[in-house]
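Below, each chain spelled out in residue letters.
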Amino acid sequence: MKTYRLRFVIVAILGLALGLTAVPALAQDGVVSDDAVNAVAKDIYCPVCENTPLDVCPTQACADWRDLIRTQLSEGKSPQEVREYFAQIYGDGVLANPPRRGLSLIVLWILPVVLLLVGVLLFSRYLSDLRAQTASAPRAVTVMTASAPTAVAKSDPAARDDYVARVEQELQKG
Amino acid sequence: MQETVPTTQAPPAEPSARRSLRWTTLAMWAGLLALLALTGWGLLRTTAERPAAGQPAPTFEMQFYDGYGWEGRPLADLADMHGQIVVLNFWASWCVECRLEADMLENSWRKYRDQGVVFLGIAHVDTEPKSLAYLSEFNITYPNAPDLGTAVSRKYEITGVPETFIIDRTGTIAHVQIGPISERALHGIIDGLLGQGG
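In order, the protein sequence lines correspond to chains A and B.
Numbering-wise, this note's numbering puts 95 at position 95 of the first sequence, and it's gapless, one number per residue.
Position in the second sequence (first residue = 1) + 174 = this note's numbering.
Accuracy of the hints is not assured; some may be wrong.
Distance windows between CB atoms, simulated [said to hold, decoys possible]:
| # | chain 1 | residue 1 | chain 2 | residue 2 | range |
| --- | --- | --- | --- | --- | --- |
| 1 | B | 346 | A | 103 | 28 to 34 Å |
| 2 | B | 307 | A | 81 | 22 to 28 Å |
| 3 | B | 369 | A | 102 | 42 to 48 Å |
Rough simulated footprint, nothing fancy, chain A against chain B, three-plus residues with beta-carbon under 8 Å [stated by the list, open to error]:
| # | stretch |
| --- | --- |
| 4 | 194 to 204 |
| 5 | 262 to 269 |
| 6 | 289 to 301 |
| 7 | 323 to 336 |
Computed list of chain A residues with no C-beta within reach of chain B, every gap over 12 Å [to be verified]:
| # | residue |
| --- | --- |
| 8 | 35 |
| 9 | 43 |
| 10 | 64 |
| 11 | 77 |
| 12 | 79 |
| 13 | 81 |
| 14 | 83 |
| 15 | 100 |
| 16 | 157 |
Just so you know, these hints were derived from the structure itself, not from any lab.
Every residue, glycine too, gets a C-beta built ideally from N, C-alpha and C.
Using the sequences and the hints given, assemble the complete structure.
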């Protein structure tokens, strides 16, 4: 008897859970709730006023579009199917997240990746060239001029002696 | 003190390394140019100007509402109407000003339909049930189609509704009306085009 009661409770809980999750958009009387409409509407933008999501747009055009969303949800369409309908009828531009196709696919997805790869490639080439140059360069004074005594002083002794000798010569002349 | 001490410089980089660097630099510039070209093209598309009077009317395809086809056809292209005067009117059921000219447009269509004049209504970002209700409310009988994907309004770069483009028999735009058009103005333009045979 206890087993039957337990089974009944489990079935009842499962049934309740399924009932709650299967048709979240529909209220008890089959009417689509405002929350369900707005959940779809927030992903669609106003057709006549720029950068305004449909769920907060006050124009009549947006109200009509929200009515259409409600109608389509009540007909059993999923939120994704409703979004696809709007994209098909009014263009991808009305979607908050346009599908990855056409120009948006190239500009938003392919091009940044390509540019990033080119950048990485260039930087790695540059680093390897720099490393090759450093390895092949002699350990010597790179630039020695009369206006750079500090560089000379830090360089090899022969050059320093030559520099000091020249300075002394100049002093004697003066 | 201006004398320069002989300079010791690093030997030039390996030729192959230089060559590869040159190719990658070229590739980088090519990529940047491609990006700039793409961006420029996109900007041109978004900032294109509305076709003006005297310019060829951009052609487009229409998929008419049921019962609102042209010569019994559910599909047509503007190019199919070459040789006729076309009154292309953008409207929407939510547009208050469109209602001001709706009756007049229908009456004008009935007046000129047998004189080689076609009236075309394009419902701009409107929902089909509302559009059909609007057409029914004003007893509109001339061909009407939705602006699918806003393709037509983008070609004509409209900034709102109503807007009316009057196209002559050669497919050239004769007049652009932003906002509602008056009966007097519309009839004057049509009569003028009919009179000149253009």
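Against the structure, the hints come out as follows:
no.	hint	in the structure
1	B/346 <-> A/103: 28 to 34 Å	holds, 30 Å
2	B/307 <-> A/81: 22 to 28 Å	holds, 24 Å
3	B/369 <-> A/102: 42 to 48 Å	holds, 46 Å
4	194 to 204	holds (count 6)
5	262 to 269	holds (count 3)
6	289 to 301	holds (count 3)
7	323 to 336	holds (count 4)
8	35	holds, 21 Å
9	43	holds, 17 Å
10	64	violated, 5 Å
11	77	holds, 14 Å
12	79	holds, 17 Å
13	81	holds, 16 Å
14	83	holds, 15 Å
15	100	holds, 16 Å
16	157	holds, 15 Å
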